[in-house]
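Q: Protein chains in written order, with the numbering used here: chain A, 3 to 123; chain B, 3 to 123.
Be aware that one or more of the hints could be misleading.
Copies of the same chain look alike in the list, so a pair counts if it works inside one copy or between any two.
When the alpha-carbon atoms are kept at most 25 Å apart in a straight line, the in silico DSS-like pairs for lysine-lysine are as follows [claimed, not checked]:
1. K16 <-> K75
2. K13 <-> K63
3. K69 <-> K13
4. K111 <-> K13
5. K11 <-> K69
6. K111 <-> K75
7. K63 <-> K11
8. K11 <-> K75
Read the hints as simulated data drawn from the structure, not as lab findings.
Being a predicted model, the structure only gives us computed values, none of them experimental.
2 protein chains.
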Amino acid sequence: MDVEVVNFKDKFEKLDGAHEYRVVAQMNYYYFKIVKAKRTFIWHHHPETDESFVVIEGNLKIDLKNKTLNLQKGDMVVIPRGVEHRPRCNAECHLLLIEPAQTLNTGNKVTDETDTDIEWI
Amino acid sequence: MDVEVVNFKDKFEKLDGAHEYRVVAQMNYYYFKIVKAKRTFIWHHHPETDESFVVIEGNLKIDLKNKTLNLQKGDMVVIPRGVEHRPRCNAECHLLLIEPAQTLNTGNKVTDETDTDIEWI
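In isolation and in its complexed conformation, chain A is listed as follows (with noise of 0.2 Å):
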């Protein structure tokens, strides 16, 4: 079995568009995802699984019912299970995803920006 470190600033070189999701790692049954954003997202949830954001670059807010975060680069948060929360950014930023391989990246939703063909990188 070969073992590969996984430089991100590579992986977002060969990443050409924005809202493409990419594999770049998997642990047991957990993906670790890339992708380029620059919008607001929709409000969802995900009805069986809490779900990691790690920023890279840029800045991110993540709405909550109560409160926004702001996480700068570097910083990271866990979206607990059915928690509504709703991903934006202005500015492009580099979002590492961690959550398990079956995620629908819309949640408990599925809409023009439901994403279900995620390649590796």
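Given chain A, put chain B in place with the hints provided.
A: Frame of chain A; chain B shown alone:
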């Protein structure tokens, strides 16, 4: 339920000693653990799980049986279940480990370096 952003600089500033593991976040049954390391650790493996390393500050080498991984600040790697590895760093490095909550730092071995009393920070 309170949802808080984790800032790693703040967390590491609160952590005095080397080789003391602290939990900073939980995702389902997985812990995000931080540790300041400056040592050559023991050879070990985790029979039951993959294990993720992220370098927050400094550099980390992880010896495998067939090669040595070199992780710089910001890099990550997943060591697969059952793969023998030996993390080491001559200068202090700040690490984030992601693994199931019950994972022993020394894997399949119990030594003076085994840490079973892991607190939140």
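Q: None of the hints should be skipped; say for each whether it holds.
A: Hint-by-hint comparison with the structure:
{"no.": "1", "hint": "K16 <-> K75", "in the structure": "both (20 Å within a copy, 20 Å between copies)"}
{"no.": "2", "hint": "K13 <-> K63", "in the structure": "both (23 Å within a copy, 20 Å between copies)"}
{"no.": "3", "hint": "K69 <-> K13", "in the structure": "between (32 Å within a copy, 22 Å between copies)"}
{"no.": "4", "hint": "K111 <-> K13", "in the structure": "neither (28 Å within a copy, 35 Å between copies)"}
{"no.": "5", "hint": "K11 <-> K69", "in the structure": "between (31 Å within a copy, 23 Å between copies)"}
{"no.": "6", "hint": "K111 <-> K75", "in the structure": "neither (28 Å within a copy, 36 Å between copies)"}
{"no.": "7", "hint": "K63 <-> K11", "in the structure": "both (22 Å within a copy, 19 Å between copies)"}
{"no.": "8", "hint": "K11 <-> K75", "in the structure": "both (13 Å within a copy, 11 Å between copies)"}
In terms of the numbered hints stated before, the structure departs from hints 4, 6, listed from lowest to highest.
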